[in-house]
Each structure stands twice: as structure tokens, then as C-alpha cells.
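Mind docking chain B on chain A? Use the hints.
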Amino acid sequence: MQWESVAPALVLTLQVAACSTALVALPALALGRLLARREFRGRSLVEALAALPLYCPPTAFGFLLLRAFRRDGPLGEQALGFDLDVLLTWRGAVLASALMSFPLVVRTARVAFENVPPRLEHMAASLGASRAQVLWRVTLPLARNGLIAALLIGFSRALGEFGATVIVAGNIPGRTQTLATGIFDALQVGDDARAVQLAGWSALLGFAAVWTSEWFLRRSRSATS
Amino acid sequence: MSGALEFRLTLPLAGFTLALEHATRSRALGVFGASGSGKSSLLEALAGWRGGVRGRIQFDGATWLDSERGVALDSARRGVGYVPQDQLLFPHLGVEGNLRFGCARDEGLVERVLRVLEIEPLRTRDVASLSGGERQRVALGRALCARPRLLLLDEPFGALDRPLRRRILPYLLRAQREFGAPFVLVSHDPTEIAAVCDEVLVLRGGCVVARGAPAQVLAPGGELDEGFENVLRGRVSAVGAASASVDLGGVVLEVPRAELAPGELAVVSVRADDVLVARAAPTGLSARNVLPARVDELVRGPAARLRVQLGAQPLWIELTEAAIDELELTRGAAVFVVVKTRACRVLASAGAA
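Chains A and B are the protein sequences, given in the same order. With my numbering as the guide, the letters of the first sequence map in order to residues 364 to 588. With my numbering as the guide, the letters of the second sequence map in order to residues 125 to 477.
So here's chain A without its partners, still in its complex pose (with noise of 0.2 Å):
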């Protein structure tokens, strides 16, 4: 097997695990420290409605983002007046990518908000930090294992999404194929020696991804301890 035929494949899983997990990072983030510090209306709510990827099949994801920005969606070029180009492009891979990782990073960066000891958050504001400077000096730091942990985690459940960006993106050789789509293509064409070549880098990426998170996962609870 020849690696030209699954370099732009792995390219690919790459580029768009990276630019959902950029895209969620602050996003998620911002909801991990609300969930984490902050009591509010609704709040059961917001939890169930961010937690909702984790529990619906992709392809339902798949199937509103094909909605939304279909060309007569809300998302679309006739209510917009442009077209945002994410149908059949990587971008689309991108969207159903982060969409699908997203409750994981809230979760995480809400755990690893929960593990900084609120008095010493009240100290810093005691010895008179602003809110943004006890975020900044303070929050911040002490979760950076944690949060770090949650983007790792995010990044790794980009790396292997499948339903959603099938839908929104398609599965172009090239174009769109990542290397989840990549296999469901190399089975349906009965090239079984690519299936496996792509499933082992698919594996080994999803490994270090996961195997680096624990490590941090690991590091943020004895740094808070």
C-alpha cells in the first residue's frame, strides 16, 4: 500500500481535528467555568442542551447542519445573501466535528474549573485581583492541566467522527475524506489493505491523543490537590 493514497486522508483528520478543537476551545471553555462556578436560571437547561451530542446519533447532527445550511436554510445563501461554503467542503467536516466534541470539552473543563479551590480564587480578590486578573493569575493556571486535558480530548473526538461528516461534508477523495471516512470508503470498495492501514492511523492518533490527555488529566489533579 502506498502512502500517497492515505497521506491527504490523514492530512486532512489532522487539519480539521485542529481547527474544531480551536473553534470549540473558547466556546466550551466559557461554558466549563460557568457550569463550574455559577448557579443560574436555566442552568439544567443549558447542561442538557450542551450534553446532547454525547447522547444523539451523529447523523441526526449530520442531518440539521445539512438543513441549516442548505441553500433555502436559515444558514444558507438566500437568508444570508453570501454562501458560507460548508456543504461538500472540509469546513463542513470542521462544523460536524466540533459540534460532536464539544459536550466532552465542557465536561472535562468544568471538572478541572471544579478541582481550583474557590477560597483561593477569594484570596486572590482578597489581596485585591480583579476578576479577569483572578481568571488570569489564578483560575487559569491552576486548571491549565485540566483544560488542556479537555481540548486534548476534544481534539480526539474529532479525530474519529464519522456520522455528522458524512453528511455535512461528504466523503471526497482529497477534498473531504478524513480517515474515518476514508475506511467506510476503502470497505465499501473492497480495498480491505487500505481500510487497515488508514484504522491503524487512526488508532495510533487516537492513542497518543488520549494517552497525552490522561497525562495531563493526571498532572492537573496532583497540581490542586
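Treat the hints as calculated values from the structure; they're not laboratory data. All the given hints hold, so there is nothing to weed out.
Ranges between beta-carbon positions, derived for each pair:
(1) B:G336 x A:L389: 54 to 64 Å
(2) B:A196 x A:A414: 29 to 39 Å
(3) A:F426 x B:P136: 46 to 56 Å
(4) A:C419 x B:H312: 53 to 63 Å
(5) B:P245 x A:A562: 50 to 60 Å
(6) A:A562 x B:D198: 51 to 61 Å
Here are a few chain B residues that face chain A, going by a calculated C-beta distance under 8 Å:
(7) W173
(8) Y206
(9) F214
(10) H216
(11) F225
(12) A270
Note that beta-carbon positions come from the ideal geometry of N, C-alpha and C, so glycine has one too.
Relative to the frame of chain A, chain B by itself:
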């Protein structure tokens, strides 16, 4: 305190309601009481760390809390330096990072705190590597670096064993002298409070049951367990090879030399059951302190004790009722008190003012 601390507050706690009222101009107020008496809650209420506090707190003319008018300043605006029992050092910052947290730009202050509290050698250390006593000094230093108007010290030595606690006391005295920081000190160690405070509140079940000068309030019996220690303050008048003379105000006490220097203020403790009483001046004794005194209070019963005045300072002595009868001790009786030099412990010293 340059101004006064005045509070009248209530705070519901598990099992009882803290209901306290006090007004003071003391620069060193002690809060004494058993565990669960509400001491720490009082401190957290003063620090602004507690919700649900009702009433009024004023310091130095500023209103920190007035629940009727809806005024409740947060802890930063109160300008308090709070040193909690668990210190709450920032684990991701080193010693110097912790000290600089509240005063990043004031180089001189940080250097002064490092010097006064003798934490200079620790400045590059990770806080996780510090011993209990070092952590306490760094926490005190961090609070001082934030230029507090009032220091709130919650059992600052509580996590340490007794000898180590006593080694930390001098730093508190130094901080008081060098930085002029008035403080409220919560402790369950009467000796600690008597050594550094000039006024004490005794709490029980969330209420003040006694208040006044430590020498008057923290007497043996009552609130205190066995093993009462007298705390005496005086100026070092002479230093010998192994002992030093401390002038208690007309009466000179020989104490172990420790690290005392002439002219220093010394705080010395003497256990009430380490003192002998004689009606006539005994001779041929190894004890270095045979001091004339007069009985000014006598308590009979199972916890029999008497109080004499050494110079202007009270000294409690525990003895048996049989000894009181045999020596025919009465109020006003002239006696000699006998104290071995080694029975005197130097708790702290502070340089000449």
C-alpha cells in the same frame, strides 16, 4: 489601630447563631475560645468572606457592613490582610510570587517583608516544599505585602506543634512593630494571645462571655485547661553567659538567655504550677528567682490558686488548699515567690522600640 474596630453582628451557624458586639481601639485584639465557639466565623465575617452576616461593622470610620442600609464591602475594599488556618498559598507560584501577588510593583516592601520575617532564603522555593512554620511566615508576609489596614489571623500557628508555634510568635511581634499593622488574632492558645495581644474576647457558643486585658481575662480555671502559663513582659536589663535579667517593672526576673539582647522587650512564660511560695525569704536554694510579692487574690477549692503582683504584672500560682492553710495565706499577705530560671521560657523578643 489608628481608628476603632466596631462590630455588632449576627450570623446563623450550624447549631447556634453567632451574635457579637464589641468596640475597641486595641492594636492587638485576641479572640479566644474552644473549637466551634465561632472564632473563625467572626474573622470571616470581618474579612467579608461570609455571606448571611447581618448587622454593622465599622473600621477606622469606614462602614464595611451595614445590612440595614444594604452596605457590604468586599474583602479587597475592606483592606484586610486575612491569614486563614490553611494559609491558602497559591500552589502555582513560588514564595516570591505569593508575596508579590498583592503588591507587584512595591519592590521595597517585598524586600522588607522578606527581611523582617526572615524568608529571604526561601524566596525562590516552591511553596509545596515549605515546612509548616515557613508556610505560616510566607502567608503572613503575603498579607503584609498587600498593605492591609487590619490583619486578620486565624489560628496562624494552629497547624504547628507547640514548640514551633512559639518560634513563630516573634515574627508576629516583629510584623506588628515594623509594619504597624493592627491585628485580630484568633487562637485557642491562651499563652499565644497573652504574649501578643493587649485585649481579648472570650467566645463560647457564639457569644462573648468575657472581655478585657489578657492578664485579667485569661486566668486559670474558668475557660482554661490545666497547665496555665503566666505571660510576663519586660525589658532585658542585662545578659549573662547563660541567663538574662528581665525587668518586669521594679522586679527583675532571671530567665534563660535564649537570643535576648540588652534593651529588648522580652515576653516570658512561667507555668502556674512551676512557682513555689514561701512566707520567709528562703536561703540556700538553687533557684535564681526569689522575689518579694503580695497576694492580691486567693481562690480556694479543688483548683486552689493565688495571684500575686510581680512589679505591675499579675502572676498566678497553683497550689493546694492545704498549702494555703499551712502558710496562712490571706489576701494582702507578704510572700516570696520562687521560680527556677529554667522554668521561665522566653516566648519572644522584639528589638528596642
